[in-house]
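Colleague: So you can see what is in the structure, the chains are spelled out below.
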Amino acid sequence: MDKNDKHNMNFWKDMADRLREHREPYKEGAWEQFESHYLDNAAPATGTPAHRGASVRTMGSRWKSWSAGVAAAALLLFGMIWLWPSVDPVEDPVLVQSNEGSPVTGSGPEAASAGAAAGTDAVPIEPNERTFARGASRVTSQIPHFVSATPASPSTAPDPAETLTKSGSVRNELTLARLESIQIHSGSLLTASGQELVANLSGSRPGNGRTASGMTKEKNGLLNSIFGSLNEDLSIQPGVKGDRTYTGDKWALGLSVASMMTSEQMNVGGGLSVAYKLSDRLFLRSGVSVARLGVSTPSSGNRGPSAYVGSIASGGSNGGVSGPQGPSGPTGSTGSYNGSGNVASISPEAIPTHYTRLLNGASSNLLTLDVPLDLKYFITDKFYTSLGVSFFGILNENRTNHYIDKINEPLFNGYTANGQDMEFAMRTLLVNETTKYRPLEGNGYAGFLNFSVGRQTRVSSKINLAIEPFFKLPVGRLMREEMNMTNGGIRIVTGF
Amino acid sequence: MEVLYKRYYGYLFAITLRYVRHQEDAEELVNESFVRIYANIGKFIGRGKDEEFENLFKGWLSKICVNVSIDFLRARKMRLSLDDMDIEDTDMPFVGVSEELQVQDILKIMDQLPELQRTIFNMYEVEGYNHEEIAEILNIPEGTSRTYLMRSKKKLQALYLAHHEHSMLGR
Numbered sequence: 001m002d003k004n005d006k007h008n009m010n011f012w013k014d015m016a017d018r019l020r021e022h023r024e025p026y027k028e029g030a031w032e033q034f035e036s037h038y039l040d041n042a043a044p045a046t047g048t049p050a051h052r053g054a055s056v057r058t059m060g061s062r063w064k065s066w067s068a069g070v071a072a073a074a075l076l077l078f079g080m081i082w083l084w085p086s087v088d089p090v091e092d093p094v095l096v097q098s099n100e101g102s103p104v105t106g107s108g109p110e111a112a113s114a115g116a117a118a119g120t121d122a123v124p125i126e127p128n129e130r131t132f133a134r135g136a137s138r139v140t141s142q143i144p145h146f147v148s149a150t151p152a153s154p155s156t157a158p159d160p161a162e163t164l165t166k167s168g169s170v171r172n173e174l175t176l177a178r179l180e181s182i183q184i185h186s187g188s189l190l191t192a193s194g195q196e197l198v199a200n201l202s203g204s205r206p207g208n209g210r211t212a213s214g215m216t217k218e219k220n221g222l223l224n225s226i227f228g229s230l231n232e233d234l235s236i237q238p239g240v241k242g243d244r245t246y247t248g249d250k251w252a253l254g255l256s257v258a259s260m261m262t263s264e265q266m267n268v269g270g271g272l273s274v275a276y277k278l279s280d281r282l283f284l285r286s287g288v289s290v291a292r293l294g295v296s297t298p299s300s301g302n303r304g305p306s307a308y309v310g311s312i313a314s315g316g317s318n319g320g321v322s323g324p325q326g327p328s329g330p331t332g333s334t335g336s337y338n339g340s341g342n343v344a345s346i347s348p349e350a351i352p353t354h355y356t357r358l359l360n361g362a363s364s365n366l367l368t369l370d371v372p373l374d375l376k377y378f379i380t381d382k383f384y385t386s387l388g389v390s391f392f393g394i395l396n397e398n399r400t401n402h403y404i405d406k407i408n409e410p411l412f413n414g415y416t417a418n419g420q421d422m423e424f425a426m427r428t429l430l431v432n433e434t435t436k437y438r439p440l441e442g443n444g445y446a447g448f449l450n451f452s453v454g455r456q457t458r459v460s461s462k463i464n465l466a467i468e469p470f471f472k473l474p475v476g477r478l479m480r481e482e483m484n485m486t487n488g489g490i491r492i493v494t495g496f
Numbered sequence: 497m498e499v500l501y502k503r504y505y506g507y508l509f510a511i512t513l514r515y516v517r518h519q520e521d522a523e524e525l526v527n528e529s530f531v532r533i534y535a536n537i538g539k540f541i542g543r544g545k546d547e548e549f550e551n552l553f554k555g556w557l558s559k560i561c562v563n564v565s566i567d568f569l570r571a572r573k574m575r576l577s578l579d580d581m582d583i584e585d586t587d588m589p590f591v592g593v594s595e596e597l598q599v600q601d602i603l604k605i606m607d608q609l610p611e612l613q614r615t616i617f618n619m620y621e622v623e624g625y626n627h628e629e630i631a632e633i634l635n636i637p638e639g640t641s642r643t644y645l646m647r648s649k650k651k652l653q654a655l656y657l658a659h660h661e662h663s664m665l666g667r
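Each protein sequence line maps, in turn, to chains X and Y.
1 is the number of the first residue of the first sequence in our numbering; add one for each residue after it.
497 is the number of the first residue of the second sequence in our numbering; add one for each residue after it.
Keep in mind that a hint or two might mislead.
[What the hints assert, rightly or not] EDC-like, lysine to aspartate or glutamate: derived pairs with alpha carbons at most 20 Å apart: (1) 502/Y - 32/X; (2) 502/Y - 21/X; (3) 502/Y - 14/X; (4) 462/X - 520/Y; (5) 462/X - 601/Y; (6) 13/X - 523/Y; (7) 462/X - 611/Y; (8) 13/X - 601/Y; (9) 604/Y - 14/X; (10) 554/Y - 17/X; (11) 27/X - 498/Y; (12) 604/Y - 24/X; (13) 559/Y - 24/X; (14) 559/Y - 28/X; (15) 554/Y - 280/X; (16) 250/X - 520/Y; (17) 604/Y - 21/X; (18) 502/Y - 28/X; (19) 250/X - 498/Y; (20) 13/X - 521/Y; (21) 382/X - 521/Y; (22) 604/Y - 28/X; (23) 650/Y - 21/X; (24) 650/Y - 14/X; (25) 382/X - 611/Y; (26) 462/X - 498/Y; (27) 27/X - 611/Y.
[As the list claims (entries may be wrong)] Some chain X residues near chain Y, calculated using beta-carbon distances under 7 Å: (28) 12; (29) 20; (30) 26; (31) 378; (32) 382.
Since the hints were derived computationally from the structure, they do not count as laboratory data.
Glycine residues also receive a C-beta, built at the ideal position from the N, C-alpha and C atoms.
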């Protein structure tokens, strides 16, 4: 060994010694924080101080608590999505019926009578009868071998001078007097498997007797068996390796909640995600999420009605709306009207002499299932970007067509001779109709192209939180729909 | 429990800070270590008297603490890339640890090491694990452990020299 090597060895030894001997100062309040977060205070009936009867709340139990909490949140989210009443994105939705070929029914009394006269029934929308069980079980656990066995009364308490004893004569004589350190409260007993076991680690007080006076042969035998096996464990495995169960280095689970914006409205969704580590920085991510999406055809704005549905000439029969077919599907779709605050009843006899219906647009409220398959690449430790595709299914659709009806004759109450202005004769009604037409449901590939970037932050040793803005472009069948399905928003992912 | 906690808190905190960079992480890991310690204290086998007994006990505590820290790093998917070394395989000039170099300075220098290198350096040089044990615990080949240790030392020396020169110039 040359001189340089020797110096180098000293260098590392010196550095290691300094590090080894270094101690951080005690942080005030650390114990109180630990006690409140990690210890289950128990057994007030024993009359012991809370911390004396405390048992350690393991990471396992905390993990279960977390899981229960997260599961409850997920259930709540799903429940909200599932039970959320279908909300027509258009304000002041009106129509509650879609009855092919039926004559007009109205929302007002007149309309009701008109409907009855025509021999049709208004079909009310059934309330959503699905219910969702909620609730989360409370999970608690305690470490079995660290249960306080503190006696109920001081009279039955063991001698506080009892000390930690070990199997064998040498161990039985072991004292902790000069250690002045491992002082666990007098009278507390460490137990293994619920049995009264060993250790009353006391001894910072001078003068304490530190003999194994209370130890019976039976206890010694128990200790021998326990310590014997544990000794091997400790000698082989440093520490308690494997105490904690991780999902694994390769897999990561997560829960996500997303707020997304379509062209129509703000939506919410959420689901589960799972990621597989392909390399140090690259992950393959999948999962499943459920969301409500409110989508609509592009608004015609001030450009006028987007589609012409039909018109009826004077004296025409009901339901005989003719003209090009709009997204409403079959012709003759009729309904009640409540446009711009006006209520109009239309009976067969009162069919306007000039009635024009124009489809102004459609909106849909979708309950969607999204299964993404993304590649997630960590640019830095915290920032990542993701690119992938989604397989997209529509579980439920509530579609509403928006019409502009122009009716003149029935609304003209005056006489031309008395000066009533003809301009009031033509009324424009904005009509919203739900329809059974479900164009988005069907076969064929429907999906999205997913883009996102995110920042991941750890909130604890087991849980990390990522905030991930994302953007989804429709592909496949969705791209050809008249509805604009493009959406984007922010996703919050809790990873485990 | 409280006395035990308060007595060894600083000791375990110092160990943990060698493995993780952030104070908040270290605080939480110390608490997790204590959870394991309390849960397994019945398993501790002590022998000898006084100082020897305490040394054994501290060794046992430190092993638990190191394991908790490594579990944490592993769960965070500790970087295992081999391409983050830019130090050439050349001998570094000898330098002694300055008396004025504080532990905090050493920790700052060590923070600049890649995570895996820092972990291996700590385990080997400070905690006293051998390469076989490190390889098993970190689930890496033994040769990788040796290579990384060598690289970490070279990088540490380089960083130390830079730090030393900087502090000399500052005077």
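Colleague: Decide, hint by hint, whether the structure agrees.
Modeller: Status of the hints after comparison with the structure:
1. At roughly 10 Å between alpha-carbon atoms, residue 502/Y and residue 32/X fall within 20 Å of each other, so this suggested pair holds.
2. At most 20 Å may separate the alpha-carbon atoms for a hinted pair to count; residue 502/Y and residue 21/X meet this at roughly 17 Å.
3. At roughly 28 Å between alpha-carbon atoms, residue 502/Y and residue 14/X are farther apart than 20 Å, so this suggested pair is violated.
4. Annotation: proposed proximity of residue 462/X to residue 520/Y holds, straight-line Cα distance about 13 Å (limit 20 Å).
5. Our distance criterion of 20 Å between C-alpha atoms is broken by residue 462/X and residue 601/Y, whose separation comes to about 29 Å.
6. Taking the CA atoms of residue 13/X and residue 523/Y, the gap is near 27 Å; set against the 20 Å cutoff, the hint is violated.
7. In summary, the hint linking residue 462/X to residue 611/Y is supported, as the alpha carbons are separated by about 18 Å, within the 20 Å threshold.
8. The suggested pairing of residue 13/X with residue 601/Y holds, with an alpha-carbon distance near 16 Å, which does not exceed 20 Å.
9. The hinted pair formed by residue 604/Y and residue 14/X meets the criterion: a straight-line CA distance of about 17 Å does not exceed 20 Å.
10. Using a Cα cut-off of 20 Å, the hinted pair residue 554/Y and residue 17/X holds, with the two alpha carbons roughly 15 Å apart.
11. Annotation: proposed proximity of residue 27/X to residue 498/Y holds, straight-line Cα distance about 13 Å (limit 20 Å).
12. With a C-alpha separation of about 15 Å, the suggested pairing of residue 604/Y with residue 24/X holds against the 20 Å cut-off.
13. Taking the CA atoms of residue 559/Y and residue 24/X, the gap is about 18 Å. The hint holds against a cut of 20 Å.
14. This hinted pair does not check out: residue 559/Y and residue 28/X have alpha carbons roughly 25 Å apart, beyond 20 Å.
15. Restraint check for residue 554/Y and residue 280/X: the C-alpha separation of about 35 Å exceeds 20 Å, so the hint is violated.
16. This hinted pair does not check out: residue 250/X and residue 520/Y have alpha carbons roughly 25 Å apart, beyond 20 Å.
17. Our distance criterion of 20 Å between C-alpha atoms is met by residue 604/Y and residue 21/X, whose separation comes to about 17 Å.
18. Taken as a hint, the residue 502/Y and residue 28/X pair is honoured in the structure, with Cα atoms around 9 Å apart against an allowance of 20 Å.
19. For the hint linking residue 250/X to residue 498/Y, the alpha-carbon distance of about 38 Å lies beyond 20 Å, and the restraint is violated.
20. Only pairs whose Cα atoms come within 20 Å are accepted, and residue 13/X paired with residue 521/Y is rejected, the gap being roughly 27 Å.
21. Among the hinted pairs, residue 382/X with residue 521/Y is consistent with the structure: their alpha-carbon atoms are about 16 Å apart, no more than 20 Å.
22. For the hint pairing residue 604/Y with residue 28/X, the CA-to-CA distance comes to about 24 Å; that exceeds 20 Å, so the pair is violated.
23. This hinted pair does not check out: residue 650/Y and residue 21/X have alpha carbons roughly 23 Å apart, beyond 20 Å.
24. Between the alpha carbons of residue 650/Y and residue 14/X the distance comes to roughly 16 Å, so the proposed pair stays at or under 20 Å and holds.
25. Distance check on the hinted pair: residue 382/X and residue 611/Y sit about 15 Å apart at the alpha-carbon level, within 20 Å; holds.
26. The straight-line distance between the Cα atoms of residue 462/X and residue 498/Y is roughly 25 Å, outside the 20 Å bound, and the hint therefore fails.
27. Annotation: proposed proximity of residue 27/X to residue 611/Y is violated, straight-line Cα distance about 26 Å (limit 20 Å).
28. Interface restraint check: residue 12/X against chain Y, minimum CB-CB distance 6 Å, threshold 7 Å, status holds.
29. Using the Cβ-Cβ criterion of 7 Å, the hint placing residue 20/X at the interface with chain Y is satisfied: the shortest such distance is roughly 6 Å.
30. Of the supplied interface hints, the one on residue 26/X holds, with its beta-carbon coming within about 5 Å of a beta-carbon of chain Y, less than 7 Å.
31. A least Cβ separation of about 9 Å between residue 378/X and chain Y goes past the 7 Å threshold, and the interface hint is therefore violated.
32. At its closest, the beta carbon of residue 382/X sits 11 Å from a beta carbon of chain Y; the interface hint therefore is violated under the 7 Å criterion.
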